[in-house]
Structure formats: structure tokens, C-alpha cells
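Trainee: Sequence:
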Amino acid sequence: MLFIGVIALAATLVLTPAVRALTVRVGLLEKTSPRKLHTRPMPTAGGLAMFFGFWGAVFAFSLAGGGAGAHGAGVPAGLLPATLLIVVLGMVDDYLDLRPGVKLAGQVAAAAVFVFSGARIEQLGHPLGGVLELGWWSVPVTLLWLVAVTNVLNIIDGLDGLAAGMTSIAALPMLFIALQREQWAAALLAAALIGSTLGFLRYNFNPARLFMGDTGGMFLGFVLGAVAVEGVLGGPADVAPTIPVVALGVPVFDTACAIVRRAMSGRPIAQADDGHLHHRLVRAGLSQRQAVLRLYAAGAALALVSLVLLRVSPLQAFFVAAGLAAAALPPARRLGVLGELPGRAAAPAHARPAAVRPEQRRPGVSQARRAR
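In the working numbering, the protein residues as written are 161 to 532.
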């Protein structure tokens, strides 16, 4: 698994400058706007480099005779066409800024390609004990999981290096669990995903030279969701379903807060805003790097917790996850991530901190990809 991770890392390191040059040449740039934090047009669609680095490593590993087939399990046949569809959808969105409904339809179509190739969640461990057989519900449940993870990873792509780093962190416990369960194909995919994201971080960490765009955000989320299906949630229901949710705790919590925030303010759930965790940390006075590193630390702590939960019952894992969410609510409310809740007066306009401190808006220094 180390071999495939290194190959993916090296391939992405080599491919990313070429992808950047291509996006500049064709004019695929993330423009500035009042709700975006970067101060100059930035090359985007860098997820294309991760796509080719990821699949190049998978194919190289197979050609070297170490493919997952040697372990009695292969990479799901539907994953390549599904991720290809996701990347094409992301590139079109990066260029045309698709409507949310169109993008969601494309995500469902990609998930359906993967699910109807035979990859699905057929059982879930019941919190009260025993196994819940999903039957025909396995199809909508797997579709929902894939689309949800695709979006929570894409939504958190709001500061340089944040989505790529969070993906690497969340993929580590899934790699460990897949190896423990002898789910070799899932372990192979997790290793390739970690390698490709680490390679991309060389160019995407602040100050970024290239944004991953929706091309990258949706690709990372989809592959991470597929790894969870194959390595954690698929097969025997011996892993609590809350474990991958905890591993993805930071983007899941941020997305949940965004839904609450937008619903409470009467805005459409799909409407972009600048109230996410990363935006609020910057408004609280942190530099972009400091905000990203703090979120990395939170993600790493939750990844460790997800591994500890392997040793407890599904019911205990559920209560731990619920307790963590409850403990995170007060600081989230203080940061303003939940918006202005009923009974809480809005701060005067003059008392609100600026969205970005002056020293963070120096020309030539990239900021977040977009305020989602």
C-alpha cells in the first residue's frame, strides 16, 4: 500500500504543473467577487491532476502484478466511469457555474453508475444490537451516502489546502479499517487517494498556486465515499455506521451547520455564503494557515476517535458521536457558524469584524477558492 501511495504522490506532483499551465492557457480561472476571498483570478480545476495521479497509481500497481485481484478482490468496475463523470461535471461547473439542481443530478448519475456496478451498502450495524438488512433500500442508502460525502468534501474547500488535507486525514482511518477487514481493493484506493492529495498539497497549500475547483472537491468526496462503501460499510456489518461519519466529522459538522444557518435565515440550502467554520476562524483573527492547521488538528483528533470506536458497540459509538456533536455546538455558536439563532440579537454592523484582515488581502497572495 505504501508503494501505491508513493506512485500517486509522485504522479500528482509531476502532473499538477502541467494541469496548471493548461488551465491558464484555456482561461479556466476562478474569478474574484465580493463573496470570494482570493484577490486575483486563480487557475482552477486542479482536481484533474489528482484524478490522473490517482488512477495512474491504481493502474501502475495492477500492471506491476500487485493488483487487488491478487488478493481475491478487485477495484469496483463502476468506479472509473463514475469518477470520470464526476470530473467532467466538475470541470463544466468550474467553467460555467452550473445551477445546484443540475450539479446534483450529475452527482446522482455518477453515484448510480457506481451502485449499479454492484457496489452498495447491504447491511448496517443496528445501535441496539444485531444487523439491519437493507434489502432494496441498499440502493437509495448508498446513493445518498455517496452524494452526501461528495458534497461535504466539496463544500469545505474554502481555504488553500483545506479539502485536500481533510481528505488525507479522513482516508487514513479508512485505510486502517480496510486493511484490518482484509478489504484489499478499498485499502488500495485509500492509499492512492492519500498519495494524490498529498502530492497536490505541494501546490495547493497557502499560498496556493492552483485551486482544485469543483473538479477536485467532488472527485475527492466521491472517492472517499466509495472507499467507505467498499472498505468500511460494505460486507458484514461489523463496523458501526457512525465510524466513517466521525472520521469525516469536521466537514460533516460544517455542512450540518450550514444547513441550519441557511434554513434559519430563510435562504435556500444550496445558496453559497461565507459562514463556514474556516471563514469564521479567519474572521476571529486567525491567518489562513492557522485556520487550516486548527481544522487539520480537529480532523486528526476525530480520525483517532473513529479508530477507538472500533472497540465499542454500535450503541456506544452512536452516543460518542452524538456527544461530540453536542460538545461542538457551543463553540460553533460563539463563532457564528450557526448564524443568528432565535433569541440572539445580531451584533451591530460596526462591531462585526471584517471578512478578511487587511494583511491577508495582499496582492499576489491567494485566499480561499470560494465562499461556499
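There may be inaccurate statements among the hints.
What follows is a list of derived Cβ distance ranges for each label pair [stated by the list, open to error]:
#1 Leu288 <-> Leu223: 22 to 32 Å
#2 Ala487 <-> Phe219: 42 to 52 Å
#3 Gly483 <-> Gly445: 27 to 37 Å
#4 Leu256 <-> His286: 21 to 31 Å
Hint data in this document are derived by calculation from the structure and do not stem from the laboratory. All figures in this text were calculated on a predicted structure; none of them were measured in a lab. Idealized CB from N, CA, C, for every residue including glycine.
Trainee: Could you work out which earlier hints the structure fails to respect and list their numbers in ascending sequence?
Mentor: When the structure is compared with the hints, numbers 1, 4 turn out to be violated.
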